[in-house]
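Novice: Residue numbers (the numbering used here): 64 to 233.
It cannot be assumed that every hint is accurate.
What the hints assert, rightly or not - Computed beta-carbon distance windows for the label pairs:
| id | residue 1 | residue 2 | range |
| --- | --- | --- | --- |
| 1 | D138 | S191 | 18 to 24 Å |
| 2 | K98 | S67 | 47 to 53 Å |
| 3 | Q70 | V139 | 17 to 23 Å |
No lab work stands behind these hints: they were computed from the structure.
Treat the numbers as computed from the prediction; the structure is a model and nothing was measured.
Where is the CB? At the ideal position from N, CA and C, for every residue including glycine.
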Amino acid sequence: MTISMHQAAIPVLVRLLTNLRHVLAKGEAHAEARKVDPSALLNARLALDMLPLLRQVQMVSDSTKGAGARLAGVDVPSYADTEATFAELYARIDKTIAFLKGLDAAKFDGAESREVVMKTPSSELKFSGLDYLQTFALPNAFFHAVTAYDILRHNGVDVGKMDFLAGGAR
């Protein structure tokens, strides 16, 4: 059985975003139940030199929409990083999921060998589509999602492995 690049990428990215949304909702409920200012969680970090929860979620959105767009050969949509509340993060996640689900599966045909070029502030990275997905896009998206999970867990939010893997569905 063969698997298309669309099948290898989009369902995984959508599930990651869906589960991240679930974990964030548990964080919001935790703040409400304990009468904690939600911004305390949203600005929490694991270490001083790491990005806060808000930026981790924005990075998951950026990396997932970027992966879908690059593999489909379409422009990566630009989202302003202005979110400051849980509701605004949910809206961003929902917008990212809608974008990914709206990508035409046929545009992924041949994506495994299509060149993907990413410009960073210090260099230019070049990959085949398959290498990009497996060695950069998925690890990057999961890194930021698990960091967001870890920030919440570190701050006492009752989340577990199944929240991260299955969005609470057991």
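Novice: Hints first: check each against the structure and report whether it holds.
Specialist: Hints, one by one, checked against the model:
1. Checked against the hint of 18 to 24 Å, the pair D138 and S191 passes, with Cβ atoms roughly 20 Å apart.
2. The hinted window of 47 to 53 Å between K98 and S67 holds, with their beta carbons roughly 48 Å apart.
3. A C-beta distance of roughly 21 Å is found between Q70 and V139, which places it inside the suggested range of 17 to 23 Å.
Consistency with the previously given hints is maintained throughout, with no hint failing.
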